[in-house]
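Visitor: Chains as they are written, first to last, in this note's numbering: chain A, 1 to 593; chain B, 1001 to 1087.
Fair warning: there could be bad hints in the mix.
As the list claims (entries may be wrong) - Taking lysine-lysine pairs in the DSS-like style, the calculated list, with each CA pair at most 25 Å apart, reads:
(1) 1052(B) - 34(A)
(2) 353(A) - 444(A)
(3) 537(A) - 1052(B)
(4) 109(A) - 444(A)
(5) 537(A) - 444(A)
(6) 109(A) - 1045(B)
(7) 365(A) - 353(A)
(8) 365(A) - 310(A)
(9) 10(A) - 63(A)
Unchecked claim - Simulated restraints on C-beta separations:
(10) 549(A) - 1074(B): 39 to 49 Å
(11) 1033(B) - 554(A): 36 to 46 Å
(12) 497(A) - 1025(B): 27 to 37 Å
(13) 153(A) - 1012(B): 41 to 51 Å
Source of the hints: derived by calculation from the structure; they are not laboratory data.
Built from N, CA and C at the ideal position, the CB exists for glycine as well.
Single-letter residue listing:
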Amino acid sequence: MRGAPAIEPKHETLNGMLATAAQTGESLFFVNRKEQDLEVPMARIREQALSIAADLRNRGVGKGDRVALVLPTCPEFVECFFGVLCAGAIPVPLYPPVRLGRLDEYHRKTAAMLRAVDAAMVVTDERIRRFLGVAVDISAPRLGCVTASNLGGFNSIDIEVATDDVALIQFSSGTTHDPKPVALTHANLLSNLAAIARYLTDDGAPKPVGVTWLPLYHDMGLIGNLLSAFYVPATLVLLPPELFVAVPAAWLRAISRHRGTVSAAPNFAFGLCLDRIRDEELEGVDLSSWRVLLNGAEAVTAGVQRRFNKRFARWGLRPSALTPCYGMAEASLGVTFKPAGTLFHSLGVDADKLALDGVVAPGRKELVSVGRPLSGVQVEIRDAAGMSLPPGRVGHVFLRGPSVMMGYFGRTDLTDQAIHHGWLDSGDLGFTHDGELYVCGRHKDVVVVRGANHAPEEFEAALEGLAGVRAGCAVAVGFVPAGEDGEALAMLVETTTDASSNLADEVASRVQERTQIRPAQVALLSPGTLPRTSSGKLRRREARTQWLASTLSPPKKVTASRLLAAAAHGELRHARARLARRAANAPSITTER
Amino acid sequence: MSTPDSAIVLEAVTQEIVDLVAAELGTVDVTADGTLQSWGLDSLKVMSLVFKLEQHYDIVLDEEDADDLRTVGDLAALVLRRIEERP
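Build the full structure now, drawing on both the sequences and the hints.
Guide: Shown next, in the form of C-alpha cells:
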C-alpha cells in the first residue's frame, strides 16, 4: 500500500525554512494561563535564533553537537530550538520535571537521555535549572547548563548545514536506563512536513491556522504543529499543556478566538473534553472554522469520537473534522491520515478470529481506520517470516519512505533491529482493508498511556523490594478496561507466601508513587504462573494474552518423576538451570497454592 | 501558625483543597487526613490540581515540595506556607 509519490520539499534544511517563514509576516501566539495571547512574529523568532546561534558558537558549541532543550511551551523554546539549528548543532528536546513529581526518577531518566546523545550543553530556564543539577552532574555535558534568558547578544550567525545532516533527536520509547534516541535528518523532517502541508492545503482548503496544547518535546506537538506552521507557513496558537489539562475548554476557546482550522490530540483528550467541559464554558464559541482534528499517538476509538462529534456539533464542529491518523517518532511523525474531508469510518471484526487466526472476518469488535499513507510513504503488512501479506490478514506493520529515520543515534545495534533493507518495523500489528490501514495490537513490549509510550520495565522496576512480591517476577502490560476508551496499565504480579492481604493496593500505590501512573488492575499470581522463555525470561505478551483470556494458571508441581521425564526429553540441563535460578529467587518453588 | 486565626485559615484552605481534589476525582468522600494516593490521583489529575491551586492562590508549587506530601492536610499546609511566602 503506497501513498502518492513523494513531494519534493520546498526547502533543503530547517534553517532555510525558517528564513523563508521569517519573510512572511506570520506569527506564533502564546496563550498564557489566563488565556491571554502573546504574539511573536516568526521574523522575531529568527532574529533571536540567529543571535542565540552566535552566542552558542561563542560558548564552544560546534557543528553536529547535541544541545538538550529542557523548556516549557514558551517563545524561548522556539527561539532556542532554531538557535541550535542555526549554530549547526542538533536540538534534543527533553521533558521538564512534573510539578510535585518524584525527582529521583526524573534525574535518572534525564541523565540517561543526556548521556545517550552525549549532550554538549543543556539549555533550560531559571526555575527548571534548580532541578537539573543532579542530571547535569551525572551526565557532565562539556559546556554545562545555561538558561535561555542568558543566551543571545548583538552578533548573529546562520551556519550552513546539509539536507542529510541530523536536524533533531527525539526520544520515543526505550527504558529509563536505555532510552532510544531517534535521529532525524533535515530531509527526513522536511519530507514529512511537505506531505502534511499537502494534506492540509490540498483541494483549495483555506490557509491553515493551527492551535495546539501538545507539549513541544513530543513529536506530534513539535513536528506536527510547530515545524509544520513554519513550513506552510501559517499562524500557530500554542497553549501550555497544563492549561488544557486543567481547563480543556481553553483549547476550544482558542480555536474559536483565532478561527483555528487544524489541531491534534491523542484519543484521551477527547474523553477529557467530554467529561470536563461544561456547556456554559463555551458561551459564544464557534468551532465552524475547524477543518482537521487529528487523533493519533495512541489507539483511536470510535465511541469517543462519535460522542465528541455529537456533543460539540452545537458549537459548529463539522463531523468531517475528526481525522484518525497513525504515525511514530521513527518515521518523523505522520504515516497514514484519514482521506481529507471524509467522515472517519470503522470496521466491525470478529475479535477471536482476529486474535487467533490473524484473519479479518465480520464481527462486533469495532476498529477505526487510520487512513491512507501520506505522500511518499509505503506501508506493508508482513508475517512473522517477513513475507508480505494480502489485505485482510493481520501482520507486522512495516513502513518505508523518505521520512523514516536514519537510525537511533549512536546505536547501530538498535537501528539494525528496527530497520531491514530500508523498511522500518513499526512494532505494531495491523491489516489493510479497502486501501486503508487498521492497527489492532502490537508485538513490541510497550504500554501506551494517554499518548505516551512507556517501557514496561519502568513499572516492573517500581516493585523492587516491595514485600510480598517475588523479586523480578512481575510484568506490566497495557489493556483496555471494559467500557473505557483508552489503554490502561495492568500489573501481573507473582507473590510470596508472606504477602499481606492488601498487597494489590500496595502494588498500585507503589507503581503510582514511582511512575505517576496508577495501574487500573493488579493481578496477584502464585509463584511460577507467569509464562517464561526457556532461559527463564518473562514473556510479557504471552502473559497478557493468557491473562485477558483468563487462562493464566499456576505451574504443576515439580516432582522427581517430572524431572525424569524432562531428562528423557534431553532437557535436564535446562531444568537444572531453571531450578537453580528459581531456588535463588524463591525457596518456595515446590509450594502449590 | 499557633494563633486561632491561622488555625481557621488552615481549616478554610483545607476545605477548599478537599473540594478541589474531590472535583478532580469526581467523588465526594475526600477527607483531609486521607492520603492523596489512595484515591488514584494520577499524573494528569495532579497536573490539573497543581494548575488550579497555583491559579487560585497565586503561588508556585515546586518539584521538591512533593517530598513530605501524603495527605490533603499536608497539601493544605504546603499551600498555606507558599501563601505566607508570597512577596
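Visitor: Output the indices of the hints that this structure fails to meet, ascending.
Guide: Of the numbered hints given earlier, the structure breaks just one, which is hint 3.
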